[in-house]
Amino acid sequence: MAWISFLAALIPLNGYGHYLHWGVINISVANFIVIVLMVVTFVAALLLPFPGRSRRKESK
Amino acid sequence: MSTSIDQQWTTRLRRKVAGKLPPEKLLPDTQPAYVSSWIYVFGVTTMSALAVVIGSGLILSLRGPQWWHESSIGHFVNSLHLWSVEIFFFAMVVHLWGKFFMGAWRGGRTATWMTGVVTFLASIATAFTGYASQSNFDSQWITTQAKDGINSTGAGAFFNVLNLGQMLMWHIVLLPLAAVALTALHVLLVRIKGVVPPYEDKVGEAQ
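In order, the protein sequence lines correspond to chains A and Y. Note that this note's numbering numbers the first sequence so that position 54 is 54, with each residue one more than the last. Note that this note's numbering numbers the second sequence so that position 181 is 181, with each residue one more than the last.
Possibly wrong hints are sitting among the right ones.
[Said to hold, decoys possible] These stretches of chain Y come out as covered by chain A in the derived footprint (C-beta under 8 Å, 3 or more residues):
(1) 59-72
(2) 149-155
[Unchecked claim] Sample of chain Y residues with no beta-carbon within 10 Å of chain A, all distances over it, derived:
(3) S4
(4) T10
(5) F90
(6) S139
(7) L174
(8) L177
What the hints contain is simulated information worked out from the structure, not anything from laboratory work. A virtual CB, placed ideally from N, CA and C, is assigned to each residue, including glycine.
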């Protein structure tokens, strides 16, 4: 089980949260990362080729 | 000439349902070519995450708070419940963005869009009551912070966030029933009306 402790030590989750401030905007780093990941996923979903798409077009 | 059997509500309901949603529409063999894009996978990702949320929630309800706070397996199932909720909302928001930019309410799909909106709101309430039901310092902090905001709306008269028993019942009975029923209705409407075509596909839109 030592490897689990090692993984847990990589990202300490028991401390105080970190926050970002831009003027009136105040957001936790965790929430900011999730929003960035959602935007990246959305853009990737639009741009990445879908498996079998070209095959479908050829068969039409 | 209609017989008395034709007048029965069961007969009329069956004919109406079969007319609106024949089996080949309910479980179609193929999808339109424009569905071959990653942006269309987030609806089913949301539903898959919802299945894990419900499954892990059922296990948590079997064993109770002491188990999920103190045992290793309880911690694991508790984490599974939390992270499946994270994936549920993550996928639902990307699904929402995709459908917004597709104008997914077009072609008589207003009810599909609106059931999605209400499902999103019900899911937020479900998640909130879940955070309020953790029975730890985190839930105490969240509920004491939320009570003033909710009381200022007047909803505090029947929705008391400091009442753990009430929050737990909302979280494990009322709101999951609403979220699952709304999701089912949303999916049935997608099956009835079909997946919204891209803007340039006028032929598909007319169907």
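These are the hints, each one checked on the structure:
no. : hint    : in the structure
1   : 59-72   : violated (count 0)
2   : 149-155 : violated (count 0)
3   : S4      : holds, 50 Å
4   : T10     : holds, 42 Å
5   : F90     : violated, 6 Å
6   : S139    : holds, 16 Å
7   : L174    : holds, 27 Å
8   : L177    : holds, 28 Å
Hint violations for this structure: numbers 1, 2 and 5, all remaining hints satisfied.
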